[in-house]
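Fit chain H to the given chain W structure using the hints.
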Amino acid sequence: MKKAVLLTALIALVVVSGGQSSASPVEGSADVRDQLSVRDAWVAEALPGQSMTAAYMIISNQGDVDEELLSVESEVAEKVELHKMEQQGEMMRMRRVDSIVIGPGEEVELEPGGLHIMLIGLTQEVKEGDTIEFKLNFESGANLMVSAPVKKR
Amino acid sequence: MRFSQQSTRQPGRHSGDLRRARGGNNALVLSAALLLFAPFLQACGGQEAEPEHAHEPKAYQQDAPSLQEYELGGDFSLIDHDGQQFNLSDHDGEIRLLFFGYTSCPDICPTTLSKITRVYKELEPAGDEVLTLFVSVDPTRDTPEKLAEYLGYFSLNAIGLTGHKDEIDRTIEQYGGDYFIEESDSAAGPLYAHTTYLYLIDREGTVRFLFTHEDTPEWIASGVAQLLESETS
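In the order they appear, the protein sequences are chains W and H. Read in my numbering, the first sequence has 131 at position 131, and its numbers run on one by one without any break. Read in my numbering, the second sequence has 193 at position 193, and its numbers run on one by one without any break.
One chain only, chain W, in its complex shape:
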């Protein structure tokens, strides 16, 4: 049953995205449908002995109001968090953040050394060549489905 749902979801993704690796169909009310998009999504291959890895992407907000990313879901991890690396003086700090706000007409880059999505407690191998599905949940009620390839750093 679960498999069938997953398969349907996958087919839907491929159909909507035209087979692109980083699909981003938006669910939610019609007025946010075309306002949020994701590109260049990828997941870093998990390192040996590690139960965590990071995901990166660029999230764009073409709308007129702030969009706030509150949470991310993925089946490959027990917990998904939003984290931020930040150079402070000579120290590189890393902290969990509650949300990521994307201003109107802006895009936010989740990239190595900056903001990223942390996949904690991996439930399966995350190897180069795999594709990981994410659901991004926004404060506005919009959801973004993202399909990201796994790559070596």
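Don't take each hint at face value.
To be verified - Under 10 Å between C-beta atoms, here's a sample of chain H residues computed to sit facing chain W: (1) D75; (2) T103; (3) T111; (4) H194.
These aren't lab readings, by the way, just hints derived from the structure by calculation. All C-beta atoms, glycine included, are put in the ideal place defined by N, C-alpha and C.
Structure of chain H alone, referenced to chain W:
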């Protein structure tokens, strides 16, 4: 106390310029000024202004790091990823790249190690002459076995180092670095804030340059290449 759980603590105890070399920065500023004005001086003075050392290679003067001799650093003893005692001085004669991190570091450490693999590729085939040293600031989780497994992922001539916390603390302090555990409610477990300098150490064991996490593999390689060239000739 070197180790603090307070994330509110002001980081960067070594807030003075860490990248200060022996003899201070004056020489560097002077060299930069000379470089800037050299063409001008030459134009004014005609042939008489021909630089005295015109025969010296200049390839690295503008598009490569200007190596210096740092006072920080020096020999240290830790445990390597085979569980054996490691002394930095046992590897004198090798060019070394030293980095402090931890294997559960999800972003900056693997990114840096991956960058070092690209440095090696830039230097091929001489990259084999460079030894990467990854010192863990998280000895509780980073056992020698774990370090060996972790570093095995990267195609590097690398040694993972761990040890007693006070030995690690002494080493990172000796290199002007610092770290502390972030106060965090993350499910990821303890997260460390740490300095991310990549230290270039010459064959004598002297620190010659501090790269930052923003430096490109090409820039780092051009620094290492100066040591490879100057010391093999």
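Evaluated hints:
The closest approach between the C-beta of D75(H) and any C-beta of chain W is roughly 23 Å, which is over the 10 Å cut-off, so the hint fails. For T103(H), the interface hint holds, since its Cβ comes within 10 Å of a Cβ in chain W; the closest pair sits about 7 Å apart. With its C-beta approaching chain W no nearer than about 4 Å, T111(H) sits inside the 10 Å limit, and its interface hint holds. At its closest, the beta carbon of H194(H) sits 6 Å from a beta carbon of chain W; the interface hint therefore holds under the 10 Å criterion.
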